[in-house]
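Q: Residue-level listing of the chains:
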Amino acid sequence: AQSVSQHNHHVILSEAASLELGCNYSYGGTVNLFWYVQYPGQHLQLLLKYFSGDPLVKGIKGFEAEFIKSKFSFNLRKPSVQWSDTAEYFCAVSLTGYSTLTFGKGTMLLVSP
Amino acid sequence: SQTIHQWPATLVQPVGSPLSLECTVEGTSNPNLYWYRQAAGRGLQLLFYSVGIGQISSEVPQNLSASRPQDRQFILSSKKLLLSDSGFYLCAWKQGPSTGELFFGEGSRLTVL
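Taken in sequence, the protein lines are chains A and U.
All residue numbers for the first sequence refer to the numbering used here, where the first residue is 18 and numbers rise by one.
All residue numbers for the second sequence refer to the numbering used here, where the first residue is 12 and numbers rise by one.
Heads up, some of the hints might be wrong.
[Claimed, not checked] A partial selection of chain A residues facing chain U, derived with a Cβ cut-off under 7 Å:
no., residue
1, His27
2, Val28
3, Ile29
4, Ala33
5, Tyr56
6, His60
7, Leu61
8, Lys66
9, Ser116
10, Gly121
11, Lys122
Worth flagging that the hints you see were computed from the coordinates, not collected in a lab.
Backbone N, C-alpha and C fix where the C-beta goes; we use that ideal spot for every residue, glycine too.
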């Protein structure tokens, strides 16, 4: 069965530290990849997405992610986190041409000031 | 612009009572519609999705059902709630069957006592 794995359930960082959240998927076909973020008390919103082309994609608020096909990975990165990045982050995958997204279990990021 | 509304935002129901959560999308036509359940540490679980009026696909057999009586309305129901139905329910939409991001509502928190 298709699945999405996020390596860390909880991450605690100090402001200005670098961030990398891991995401691996197990799909056999061409995939579309997403990172969503849920800030405290807010609804889920898209951070960035990859459909095709340059495997390094840039999203909002200084986030980026790299698609490595050989590793079935789509890790999220940010060089220097801020307190306002405290949120839960979800990786999601869909197969090209399919209507549904499969989500990982999420990573709760806490950034201390 | 497109908007998505869910209600009620919070609901407390006794075991065995019925449930109806509603979701409406505005500003678009013939969207794909989705119901997810979000549980702490378990990510987002796809419950139902619909590609058109009266067309419902169930991902997880359980005590819930979904209906799409109108193009932009999606309803999640139960005849008799169980304790295990407690959770945070999210409605989402995307434009048509093609690859694309999901847009989420603000969610409905259901507590079954």
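Q: All the hints need checking, so say for each whether the structure fits it.
A: Evaluated hints:
1. His27: Hint on A:His27: violated, closest Cβ of chain U at ~9 Å, above 7 Å.
2. Val28: With a closest approach of 14 Å, the A:Val28 hint is violated.
3. Ile29: Where the cut-off is 7 Å and the nearest Cβ of chain U is about 16 Å from A:Ile29, the hint is violated.
4. Ala33: Since chain U brings no Cβ nearer than about 28 Å to A:Ala33, farther than 7 Å, the hint is violated.
5. Tyr56: violated, 12 Å
6. His60: holds, 5 Å
7. Leu61: At about 4 Å, which falls below the 7 Å cut-off, the nearest Cβ of chain U leaves the hint on A:Leu61 intact, so it holds.
8. Lys66: The hint holds - A:Lys66 has a Cβ within 7 Å of chain U, the shortest such distance being about 6 Å.
9. Ser116: Cβ of A:Ser116 sits 5 Å from chain U, so the hint holds.
10. Gly121: holds, 6 Å
11. Lys122: holds, 4 Å
Hint violations for this structure: numbers 1, 2, 3, 4 and 5, all remaining hints satisfied.
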